[in-house]
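Numbering-wise, the sequence shown is residues 9 to 109 according to my numbering.
FYI, nobody ran anything at the bench for these hints, they're computed from the structure.
Every value quoted in this text rests on a predicted model; they were computed, and no experiment measured them.
The reader is advised that the hints may include incorrect statements.
Pairs of lysine to any residue, SDA-like flavour, derived with a Cα cap of 25 Å [claimed, not checked]:
| # | residue 1 | residue 2 |
| --- | --- | --- |
| 1 | K45 | E23 |
| 2 | K45 | F30 |
| 3 | K45 | E27 |
| 4 | K45 | E67 |
| 5 | K45 | R59 |
| 6 | K45 | S32 |
| 7 | K45 | A70 |
| 8 | K45 | D61 |
| 9 | K45 | Q55 |
| 10 | K45 | L72 |
| 11 | K45 | I58 |
| 12 | K45 | E68 |
| 13 | K45 | A20 |
| 14 | K45 | Y25 |
| 15 | K45 | V31 |
| 16 | K45 | M24 |
| 17 | K45 | Q35 |
| 18 | K45 | H57 |
| 19 | K45 | V15 |
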Amino acid sequence: MTGVTLVLFEIAMDEMYNEVRFVSDDQQMTHTFDQLKHPDISPRVQQIHIRPDFLPGAEEYAQLERSASREIPKTSSPAPAPKIRVLDCVALHDLRRPWNI
């Protein structure tokens with residue numbers, strides 16, 4: 009009987025965590041997110057749907073973007089990104105580990 013109960017438990021857990029949805033920013037979503045850290049639950053998840061209702065929708069976002077583009081003048085060209093040489097990265101790595109000769 010215990011074997012049957014264990015099999016049914018595994019089937020129920022697979023069904024429950026097959027698809028995880030993050031829709032609203034509430035206590036239930038936080039609890040579900042925390043459960044995904046558990047090593048027995050995370051492998052069961054096959055699909056994660058993220059549709060945050062607490063963020064503006066596509067139409068609201070487009071309207072915000074249009075109003076922001078009218079208010080803030082755009083520059084002609086973006087500022088160039090700083091270049092990091094490989095030598096600089098190696099020097100920083102050596103500073104963190106002074107015992108490395």
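- Given the hinted pair K45 and H57, is their alpha-carbon gap at most 25 Å? Distance ~17 Å between K45 and H57 Cα, so the pair holds.
- Message: Checking one constraint from the list: CA of K45 to CA of A70, max 25 Å. Satisfied?
- Response: violated (35 Å)
- Task: Please work out if K45 and F30 have their alpha carbons no farther apart than 25 Å.
- Result: Roughly 15 Å separates the two Cα atoms, so the pair holds.
- Query: Regarding the pair K45 and V31, is the alpha-carbon distance no greater than 25 Å?
  - Reply: holds (19 Å)
- Task: Would you check the hint for K45 and A20, treating anything up to 25 Å between C-alpha atoms as holding?
- Result: With Cα atoms ~19 Å apart, K45 and A20 stay inside 25 Å; holds.
- Message: Against the 25 Å threshold, does the CA-CA distance of K45 and S32 hold or violate the hint?
- Response: Answer holds: K45 to S32 is near 19 Å, not above 25 Å.
- Query: Is it true that the CA of K45 sits at most 25 Å from the CA of R59?
  - Reply: holds (20 Å)
- Task: Would you mind confirming whether the straight-line C-alpha gap from K45 to Y25 stays at or under 25 Å?
- Result: holds (13 Å)
- Holds or violated: K45 to L72, with C-alpha atoms at most 25 Å apart: Judged against 25 Å, a Cα distance of about 36 Å means the pair is violated.
- Would the pair K45 and E68 pass a check requiring their Cα atoms to be no farther apart than 25 Å? With Cα atoms ~33 Å apart, K45 and E68 exceed 25 Å; violated.
- Message: What's the verdict on K45 and V15, does the C-alpha distance respect the 25 Å limit or exceed it?
- Response: The given pair, whose Cα atoms are some 23 Å apart, holds under the 25 Å limit.
- Query: Holds or violated: K45 with E67, Cα cutoff 25 Å?
  - Reply: Not OK: K45 and E67 at ~34 Å, beyond 25 Å, violated.
The structure is inconsistent with the numbered hints 4, 7, 10, 12, although it conforms to all the rest.
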